[in-house]
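Spelled out from the first residue to the last, the chains are:
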Amino acid sequence: MKKNIKWRFSLIALALVASFIALLPNTPVYKLMNKAYRDYMPDKGIILGLDLQGGIYLVFEVEGDKAVALNAKRTASGINKLLLKKEMKAEATVSGSEIIIVPASADARKVVEDAYPTLTAKESDGRLVYTLSEKEIKSIKENAVDQALETIRNRIDQFGVAEPVIQRQGEGEIVVQLPGVKDPKRAIDLIGKTAQLEFKLVDDESKLAAEVPASVKPADEEEFIAKMKEKIPEDGEILFERHTSKDTGEVTKRPYLLKKESLLTGDFLSEARVAIDSRFNTPYISVTFNPEGAKLFEELTGKFVKKRLAIILDGNVYSAPVIQEKISGGNAQISGSYTMEEAKDLAIVLRAGSLPAPVTLLQNITVGPSLGSDSIEAGKRAAMVAFLLVAVFMAFYYRLAGAIADVALVLNIVFLLGAMAAMNATLTMPGIAGIVLAIGMAVDTNVLMFERMRDEIKLGKTPRAAVDSGYDKAFLTIVDSHVTTLITAAVLFQFGTGPIKGFAVTLSIGIAINLFTSLIGTKAVFDYLNTSKEVRNLSI
Amino acid sequence: MIEIIKRTNIDFMGKRYIAFIVSGVLSLVGILAIVAIARGTANLGIDFAGGTAVQVKFDTVVTLHQVRAALEGNGIKGADLQDFPSAKKVLIVLKKAGEHTSSSTSPTSSPTLSSIEKGLSDKVIEALTKGFPGNKITVDSISEIGPKVGKRLRVDALWAVIASTVGILIYVGWRFQFSFSLGATVATFHDVLAVLGFFYITGLEINLILLTALLTIAGYSLTDTVVVFDRIRENMRVLLKETIDSLINRSINEVLSRTLITSLTVLLASIALFIFGGEVLHDFALAMILGVLVGTYSSVFVASPVVLLWSGNKPLIKKQR
Chain E
62 MKKNIKWRFS LIALALVASF IALLPNTPVY KLMNKAYRDY MPDKGIILGL DLQGGIYLVF
122 EVEGDKAVAL NAKRTASGIN KLLLKKEMKA EATVSGSEII IVPASADARK VVEDAYPTLT
182 AKESDGRLVY TLSEKEIKSI KENAVDQALE TIRNRIDQFG VAEPVIQRQG EGEIVVQLPG
242 VKDPKRAIDL IGKTAQLEFK LVDDESKLAA EVPASVKPAD EEEFIAKMKE KIPEDGEILF
302 ERHTSKDTGE VTKRPYLLKK ESLLTGDFLS EARVAIDSRF NTPYISVTFN PEGAKLFEEL
362 TGKFVKKRLA IILDGNVYSA PVIQEKISGG NAQISGSYTM EEAKDLAIVL RAGSLPAPVT
422 LLQNITVGPS LGSDSIEAGK RAAMVAFLLV AVFMAFYYRL AGAIADVALV LNIVFLLGAM
482 AAMNATLTMP GIAGIVLAIG MAVDTNVLMF ERMRDEIKLG KTPRAAVDSG YDKAFLTIVD
542 SHVTTLITAA VLFQFGTGPI KGFAVTLSIG IAINLFTSLI GTKAVFDYLN TSKEVRNLSI
Chain U
2 MIEIIKRTNI DFMGKRYIAF IVSGVLSLVG ILAIVAIARG TANLGIDFAG GTAVQVKFDT
62 VVTLHQVRAA LEGNGIKGAD LQDFPSAKKV LIVLKKAGEH TSSSTSPTSS PTLSSIEKGL
122 SDKVIEALTK GFPGNKITVD SISEIGPKVG KRLRVDALWA VIASTVGILI YVGWRFQFSF
182 SLGATVATFH DVLAVLGFFY ITGLEINLIL LTALLTIAGY SLTDTVVVFD RIRENMRVLL
242 KETIDSLINR SINEVLSRTL ITSLTVLLAS IALFIFGGEV LHDFALAMIL GVLVGTYSSV
302 FVASPVVLLW SGNKPLIKKQ R
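Quick mapping for you: the protein sequence lines, in order, are chains E and U. Heads up, the first sequence is in the working numbering, so the first residue is 62 and it goes up one at a time. Heads up, the second sequence is in the working numbering, so the first residue is 2 and it goes up one at a time.
Derived by calculation from the structure, the hints in this document are not laboratory data. The reader is advised that the hints may include incorrect statements.
Restricting the straight-line Cα-Cα distance to at most 25 Å, the calculated cross-link-like pairs of lysine-lysine (BS3-like) are [what the hints assert, rightly or not]:
id: 1; chain 1: E; residue 1: Lys246; chain 2: U; residue 2: Lys242
id: 2; chain 1: E; residue 1: Lys127; chain 2: E; residue 2: Lys320
id: 3; chain 1: U; residue 1: Lys124; chain 2: U; residue 2: Lys78
id: 4; chain 1: E; residue 1: Lys243; chain 2: U; residue 2: Lys58
id: 5; chain 1: E; residue 1: Lys364; chain 2: U; residue 2: Lys124
id: 6; chain 1: E; residue 1: Lys183; chain 2: E; residue 2: Lys127
id: 7; chain 1: U; residue 1: Lys149; chain 2: E; residue 2: Lys199
id: 8; chain 1: E; residue 1: Lys243; chain 2: U; residue 2: Lys89
id: 9; chain 1: E; residue 1: Lys254; chain 2: U; residue 2: Lys124
id: 10; chain 1: E; residue 1: Lys268; chain 2: E; residue 2: Lys246
id: 11; chain 1: E; residue 1: Lys321; chain 2: E; residue 2: Lys288
id: 12; chain 1: U; residue 1: Lys78; chain 2: E; residue 2: Lys246
id: 13; chain 1: E; residue 1: Lys290; chain 2: E; residue 2: Lys368
id: 14; chain 1: E; residue 1: Lys356; chain 2: E; residue 2: Lys387
id: 15; chain 1: E; residue 1: Lys243; chain 2: U; residue 2: Lys242
id: 16; chain 1: E; residue 1: Lys134; chain 2: E; residue 2: Lys92
id: 17; chain 1: E; residue 1: Lys405; chain 2: E; residue 2: Lys314
id: 18; chain 1: E; residue 1: Lys142; chain 2: E; residue 2: Lys364
id: 19; chain 1: E; residue 1: Lys314; chain 2: U; residue 2: Lys152
id: 20; chain 1: E; residue 1: Lys147; chain 2: E; residue 2: Lys171
id: 21; chain 1: U; residue 1: Lys137; chain 2: E; residue 2: Lys243
id: 22; chain 1: E; residue 1: Lys243; chain 2: U; residue 2: Lys131
id: 23; chain 1: U; residue 1: Lys242; chain 2: E; residue 2: Lys534
id: 24; chain 1: E; residue 1: Lys134; chain 2: E; residue 2: Lys150
id: 25; chain 1: U; residue 1: Lys124; chain 2: E; residue 2: Lys246
id: 26; chain 1: E; residue 1: Lys196; chain 2: E; residue 2: Lys292
id: 27; chain 1: U; residue 1: Lys242; chain 2: E; residue 2: Lys519
Using the sequences plus the hints, can you model the full thing?
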C-alpha cells in the first residue's frame, strides 16, 4: 500500500518537472539561460495564436480558369511563331481553353503536333480544334497553385516576416499567416499582385492615335472604353496610366493605344531593385534582364528606335518612354509615381516573379497588437478570478478535502500548460476560455467524489473505506460525465477554424489531465492521510 | 460538514407538467431560431454571412450616434454598431459585400462572387479618422470574409452539429438503456435550443463562437444528467418496490447538492469569463452561463420526467420478476 502511494507521488512529481521544462521557453528565465544549456531544452513552448500576438491571416484563391486560358494563349502564340517560321498560311487563335487553327491542313497539323505532342486535333469546317483534356486542365491548375505558393513564399521571404505560415488549403486556396505584421493593405498588395510585367509598343501610327485624349477622369473610364471599342484595330488595345496629382490628390488616367503583342515579359528578369532619381529625388525601379532577355531587349530597342515603348504591369501602364537608341547590356528603368514603400514592394514582386494566374482574396483577419495584448490581459484576469472563486468555494465547502482539491487544481493548470507546451500547441483567445472552463470543470470530478464519500460516511463507514468506495462508485459517473464533452471537443477540433481549434485543444487536454490528477493525485493524498495515521474524522 | 442543501424531499416529478410547458416554450423559441437561420432572417455573424467587421479603440469615449454619423457622412450605410464603452471600443459590422458604399466603385475592382469587398475596411477607418479629428484611433481588428468562406463555414458548422449529435447519441445509447438515452438526448437538445433561442430573440449575433459555446453546452449538459441518472439506476437495483416517480424523486433529492455544486463551479468560471474575459469572449461566456443554468434545470425537470414518461409509473418489481 505504502509503496503504491510513493509510486503515485513520484509520477506526479515527474509530471510536474516535465511540465516546467516544457514551459521554460515561455518564461523570462529562458532568455537568461546559457546557450549551451538552452540547446538541450525544448525551444518553442506554447505558441500564441494570431489573435493573441497580433498579425494577419489571409486566404487567397488562385483563379485556375485564368491559368488555363493563359496557358492556351501562350501555346497559341508559340504555334503562330512556328507557323510563321515554316511560312505556312495558317493562324492559331484562342477561344476559352480551345486553340483553333484556320485553315486546317495536314501540314499545319503535322507541324503543331510534332512540336506539341500532347495536343490532338479535331477537324471541323476546315478548322483544327485543339481541346485540352480534363487531365491537362487539372494539371495546369495544380501547377498554377504550386507555382503561386512558391512565388508568394518568395515574396514574403524577401519582405522579411518572422515565422510566416504559407500553405495550401483544399483545391486552389492558399492560406498565409503573417504574425506581427500590422498593415493588411500592404501585405495584400504584396501577395496578391499578379506582377505580370510586359513591354509593348505604343501605336502612334494608327489613325486612331490622334483621337486618344491626354487624360480621362476615372469616372468616365467605362464610357471612354465603350466609345473606343469599335475603332480599336484588331492587333491593338487601350491601357491606362494612373496619375495622382501631388497637390490635390486627384486621380486621372492617361490612355495609351498599344500594339497588343507583348515584345518582352518579366519572365526574362534577373534582378529588380529600387534606385533614386537624383534629379527629382524620386524612387524608380532598375531592372536587369537575364542574358536571353538582354538579347531580346537589344533587338527590340534596335528595331523600334524613336518609337515609344510602354512598360506595363498587370495591365496598367507605368511609363512609355521614347526609345532613343539601341540599348545593350540588359538594363531598364521603370519609373512611375509611387512612394518609396510602394517602390520597395514592387521591386520585391518583380524579383520574386509573377503569379501564374491572378488570385482573389477570400478572407482577411487582421488583429492589431494592442487587441492581442488586451486579450491576453483579459484572459489572465478571467482565469485568475475563476481560479480564486472556485478555490475559495471548494476550501470553504469541503474544508481539508477542498484544500486538497485546490492543490490538484493548481497541478491541473500546470500540467495543462505543460502538455500544451510539450505539444507546441497554439494558444488562442477561445483557448483561454477553454482553460477557464476547464478550471470550473476540473473540480467537478472532486465534487462528485467528495459527495460520494459523504454518502459513505453517513452510512457509517470508516474514513478509509469511505475514500475507497467513494472513488470506486464515483468513477463511472465521472467518466460518463466527461466523455461527451470530449466528443464535442473532438468535433470542434475537426471542423473549427484556427481560434476554435485552440478552444478544443485546451478543453480536451484539460479534461484528460483532470482525470489523471483526480484519479491518481487526490486519491494518493487521501490514501497517504489514511495510512499515515488512523484518521477518525475525515474533514470533508 | 457544510451543506448548502440539507437532505431535501421535494416532489420534482409532481411539477413535471409545469416544467413541460416551460421547456416546450424554450425549445419552441430555439426551433424558431433555427427556422430563421435557415431562411436567412436571423442575425448571423459575418463569419457565416460574409462581410466586413472593424473594431477600433478611441482615445476618448465616443457615442454610437457619432460613429454612425461619421460613417454615413462618408457614404458608408447599413452598419451594425456595438460599443464597449469601458474599453472605449466600437465594433462596426457591415454584412454581405457590395451593399454599403454608394455607386462609385471603379470598374477595375468589380468584385467577383467569391471575393471580399475590396477596400471597405480602409474606407471605414478613413471615415472614422475624418469624423473624429483629434481623437486617436487604434485599429484593433479587421475581419473581411467573402461569401465563399462564409458558405463553407456554414456547411462546416452544420457538419459539426451533426457529428457531435451523432457522437453523443452513440455514447449515450451505448451507456444507458433506451428510456435514459431518450431523456438525456431530449435534455441536451432542450438546452442547446433554449440558449440559441435566447440569442435569437435578444438579437445577439449568431456566429462561430456561439456555435462553439452551444456544442460545449451540449457536451456539458450531460454532466448533470449523468449524475442524476446514475443514482436512479443504482436505486432501481435496490428499491424494487417503489414506484418510478417516487424513486426518481428520491434519487434527485439525494444528488441535488452535487448537481448544484458541479454546475456552480462551472458557473463561477463562466461568470469570471463574462466579467473579465474581454469583449472577444463576452457572448461566449454569456452563452455558457445560460447553458449551465438551463442544463441544471433540464437534468431535473426534462431528462428525468422523460424517463418517467417512457417507463410508465409502475413499481419495478413486476417487471423484474
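Verification of the hints:
1. With a C-alpha separation of about 74 Å, the suggested pairing of Lys246/E with Lys242/U is violated against the 25 Å cut-off.
2. For the suggested pair Lys127/E and Lys320/E, the alpha carbons sit about 22 Å apart, so the restraint of at most 25 Å is met.
3. Restraint check: the Cα-Cα separation between Lys124/U and Lys78/U comes to about 12 Å, which is no more than 25 Å; the hinted pair holds.
4. The suggested pairing of Lys243/E with Lys58/U holds, with an alpha-carbon distance near 15 Å, which does not exceed 25 Å.
5. Between the alpha carbons of Lys364/E and Lys124/U the distance comes to roughly 47 Å, so the proposed pair goes past 25 Å and is violated.
6. A hinted pair counts as satisfied when its Cα atoms are at most 25 Å apart, and Lys183/E with Lys127/E qualifies at roughly 23 Å.
7. Simply put, Lys149/U and Lys199/E have alpha-carbon atoms about 21 Å apart, close enough for the 25 Å limit, and the pair holds.
8. For the hint pairing Lys243/E with Lys89/U, the CA-to-CA distance comes to about 21 Å; that is within 25 Å, so the pair holds.
9. A threshold of 25 Å between alpha carbons decides the hint, and for Lys254/E with Lys124/U the separation of about 21 Å falls inside it, so the pair holds.
10. Straight-line distance between C-alpha atoms of Lys268/E and Lys246/E comes to about 42 Å, which puts the hinted pair past the 25 Å bound.
11. For the suggested pair Lys321/E and Lys288/E, the alpha carbons sit about 19 Å apart, so the restraint of at most 25 Å is met.
12. For a cut-off of 25 Å, the pair hint linking Lys78/U to Lys246/E stands: about 22 Å separates their Cα positions.
13. A threshold of 25 Å between alpha carbons decides the hint, and for Lys290/E with Lys368/E the separation of about 24 Å falls inside it, so the pair holds.
14. The straight-line distance between the Cα atoms of Lys356/E and Lys387/E is roughly 11 Å, inside the 25 Å bound, and the hint therefore holds.
15. For the suggested pair Lys243/E and Lys242/U, the alpha carbons sit about 71 Å apart, so the restraint of at most 25 Å is broken.
16. A threshold of 25 Å between alpha carbons decides the hint, and for Lys134/E with Lys92/E the separation of about 56 Å lies outside it, so the pair is violated.
17. Using a Cα cut-off of 25 Å, the hinted pair Lys405/E and Lys314/E holds, with the two alpha carbons roughly 23 Å apart.
18. Between the alpha carbons of Lys142/E and Lys364/E the distance comes to roughly 18 Å, so the proposed pair stays at or under 25 Å and holds.
19. Annotation: proposed proximity of Lys314/E to Lys152/U is violated, straight-line Cα distance about 38 Å (limit 25 Å).
20. Annotation: proposed proximity of Lys147/E to Lys171/E holds, straight-line Cα distance about 12 Å (limit 25 Å).
21. Pair hint Lys137/U plus Lys243/E holds up; C-alpha atoms about 17 Å apart against a cutoff of 25 Å.
22. Between Lys243/E and Lys131/U the CA atoms are separated by roughly 21 Å; this keeps the pair inside 25 Å, and the hint holds.
23. With a C-alpha separation of about 23 Å, the suggested pair Lys242/U and Lys534/E falls inside the 25 Å cut-off, and the hint holds.
24. Pair hint Lys134/E plus Lys150/E holds up; C-alpha atoms about 19 Å apart against a cutoff of 25 Å.
25. Between Lys124/U and Lys246/E the alpha-carbon distance is near 12 Å, which keeps this suggested pair within the 25 Å criterion.
26. A threshold of 25 Å between alpha carbons decides the hint, and for Lys196/E with Lys292/E the separation of about 40 Å lies outside it, so the pair is violated.
27. Taken as a hint, the Lys242/U and Lys519/E pair is honoured in the structure, with Cα atoms around 24 Å apart against an allowance of 25 Å.
In the structure shown, a violation is registered for the earlier hints numbered 1, 5, 10, 15, 16, 19, 26, in ascending order.
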